[in-house]
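Chemist: Each chain is listed here by its residues.
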Amino acid sequence: MNHLMIAPIVLPLFAAAIMLALGGEQRRNVSAALNIVTTFALVAISIMLLRAADVAPTGVAGVYRLGDWPAPFAIVLVVDRLATLMLLLTSLLAAAAAVFSLARWHRAGVLFHPLFQLLLMGINGAFLTGDLFNLFVFVEVLLTASYGLALHGSGSARVKAGLHYIVVNLAASLLFLIGVSLIYGVIGTLNMADLAARIPAIRAEDRGLLEAGAGILGVAFLVKAGMWPLCFWLPSTYAAAPPPVAAIFAVLTKIGAYIILRLSLLLFGDDAGASDQFGDQLLLLGGMATVAFGAIGSLASQDMARLAAFSVLVSSGTILAAIGLGQVGVTGAALFYLISSTLGLGAFFLLIELVERGREPGADVLAVTRELYGDEDDTEILQETGIAIPATIGILGVAFIGCAVVISGLPPLSGFVAKFAILTAAFNSPIGALSPATWILLFLLIVSGLAALIAMTRAGIRSFWASPDRTIPRIRLIEMAPVAALLLLCAVQTVKAGPVMRFMQATAQSLHAPHHYVRGVLDSPIKPDDSRGPT
Amino acid sequence: MEIVLAIGIGVLAGSGVWLLLRPRTFQVIIGLSLLSYAVNLFIVAMGRLKIDAAPILGSHAATDMTGLPDPLPQALVLTAIVISFATTALFLVVLLASRGLTGTDHVDGREP
Chain C
36 MNHLMIAPIV LPLFAAAIML ALGGEQRRNV SAALNIVTTF ALVAISIMLL RAADVAPTGV
96 AGVYRLGDWP APFAIVLVVD RLATLMLLLT SLLAAAAAVF SLARWHRAGV LFHPLFQLLL
156 MGINGAFLTG DLFNLFVFVE VLLTASYGLA LHGSGSARVK AGLHYIVVNL AASLLFLIGV
216 SLIYGVIGTL NMADLAARIP AIRAEDRGLL EAGAGILGVA FLVKAGMWPL CFWLPSTYAA
276 APPPVAAIFA VLTKIGAYII LRLSLLLFGD DAGASDQFGD QLLLLGGMAT VAFGAIGSLA
336 SQDMARLAAF SVLVSSGTIL AAIGLGQVGV TGAALFYLIS STLGLGAFFL LIELVERGRE
396 PGADVLAVTR ELYGDEDDTE ILQETGIAIP ATIGILGVAF IGCAVVISGL PPLSGFVAKF
456 AILTAAFNSP IGALSPATWI LLFLLIVSGL AALIAMTRAG IRSFWASPDR TIPRIRLIEM
516 APVAALLLLC AVQTVKAGPV MRFMQATAQS LHAPHHYVRG VLDSPIKPDD SRGPT
Chain B
-8 MEIVLAIGIG VLAGSGVWLL LRPRTFQVII GLSLLSYAVN LFIVAMGRLK IDAAPILGSH
52 AATDMTGLPD PLPQALVLTA IVISFATTAL FLVVLLASRG LTGTDHVDGR EP
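Chains C and B are the protein sequences, given in the same order.
Per this note's numbering, the first sequence runs over residues 36 to 570.
Per this note's numbering, the second sequence runs over residues -8 to 103.
To be clear, the hints were calculated from the coordinates, so they are not data collected in a lab.
A hint or two may mislead.
Partner residues aside, some chain C positions facing chain B, computed with beta carbon under 8 Å [said to hold, decoys possible]:
#: 1; residue: Leu186
#: 2; residue: Ile201
#: 3; residue: Val202
#: 4; residue: Val203
#: 5; residue: Leu209
#: 6; residue: Leu217
Computed beta-carbon distance windows for the label pairs [what the hints assert, rightly or not]:
#: 7; chain 1: C; residue 1: Trp500; chain 2: B; residue 2: Arg90; range: 41 to 47 Å
#: 8; chain 1: C; residue 1: Arg142; chain 2: B; residue 2: Gly91; range: 44 to 50 Å
#: 9; chain 1: B; residue 1: Ala66; chain 2: C; residue 2: Gly243; range: 45 to 51 Å
#: 10; chain 1: B; residue 1: Ile72; chain 2: C; residue 2: Ser189; range: 26 to 32 Å
Which chain C residues stay away from chain B? Per the calculated CB distances, all over 10 Å, these [claimed, not checked]:
#: 11; residue: Ala76
#: 12; residue: Lys195
#: 13; residue: Leu198
#: 14; residue: Ile507
#: 15; residue: Arg554
#: 16; residue: Leu557
All values reported here derive from a predicted model rather than from experimental measurement.
We treat Cβ as the ideally placed atom computed from N, Cα and C, and that holds for glycine.
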């Protein structure tokens, strides 16, 4: 059990190293097999860790001390409910994306499989680590791998979008460093649990600096989470990324949201003295602005990939706004929403490529004027060999409806349960009178669902019904199966909504009561009087 | 000492931000480098400045901790330097690819 905790980091690292040592591109089949095996092993490991965290009375399954030094001095990995939940989500999406990539996309460029494993290593590390600077390192690992993957397949659209993506994220990383070093300068530790223990006792004159540091750190993560107005890089990058990469990118914005959730509740939760609830108002407003921006953007999108990218923004904004409400019930429901929307978006990104395969590029824009110009140039674009599934279009259509239902939050799938749970929890708040912000959030959630529905219906009509030149795309089983599996997971999440929601609520409760986490990491009562900065 | 370092960080960061907002990719990469120098100096400064002290350990007994500088920011800055060096090199490759594919060094891939 003990060393299983570091397996989600070590396993992909070794897998990537072995792939490179085996000769990278010369043995792509070996790399592909290794990628699949490792990714599915990660699913199994995540499930085991999740179970361990769920049965642990405090919600912390274990603390892995690197080098076995005691906690405040060495880097720790903390396996608690939230971390394992995110690990499982990542590995499920990764498994779907890896299987999907085998059909054709892993041949579109070099070193797909090693980069994919390094990305997983960075993501898993960011979820598991309990140290701010180590978090920076893992975030850089995952970003560097994601730069390579975003450019996988090359082409000027990808390079153009990738250039913006890299510049924005490098600048955000510098902000991250400034925030981390400010916090270190004030408090003198970077261990998250130790920070949480020391923050209530810091001097009043240092509080401004601490909050400035936390604010700068927050901005760095809000860039990654895609909060308006820091999100303009996101739609073009996600739309240009290769589909299996875009599917795994659906979880990248959630890393920003995850860290915001973890740090805001750990450092500025109810026990934080004068700094409690720091930034919540801003998160709520920013999240709502993001939802509005994403909804408008998805209505304005001409093609499906951009529509999906704007849906990522809506999902991210909903989660940020729900975090900003700062209530236990809402946080639990937001986690449910996070899982559902990420799975739905992952499936949608994979599906888009299959749907678009039978169509000419730019067909959406031309669809209206198509009749005027005729369509003699009706060429078969793709020569993919494979078994044409009968009634391909029908299967694609059903999967598309599934994605639309999950993303827009209609019954009967999990998107509806998630949004309903968020709103129910927000309206049953123990605080008493409802704030205007809650009403606006209600309005925005419903309107954004409507906008998503309109946009997806329009896109669906265009690509399934109104394309005069549509050729039936050849789709292989290993491309359709991941999409179906992700949608099936959404269905399972709906059917098993009771147990899943219980787990989410338990997660939210342990997040809102961080002393278990702090005690679990530090293992001893904290003396408040040693909370001075470095000498 | 503090004022010199503060002005140095300020000048580097200011020039870096200005260059980052320029339209040419070469200006952007120089801006990012300057910004990362500013951030590295800032991290060192967060470990508090000390004059006339040994960089890590002096000749006196290691039990006397008062004369020692904080080693952690030095470790952090080392990591930050390595990472920003690597990411800048990676960005340079993308910059060249963009130049080759689009024929222009504008960040949007086309002349305005």
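Chemist: Tell me the hint numbers this structure goes against, listed in increasing order.
Modeler: Violated: hints 4, 8, 9, 12, 13.
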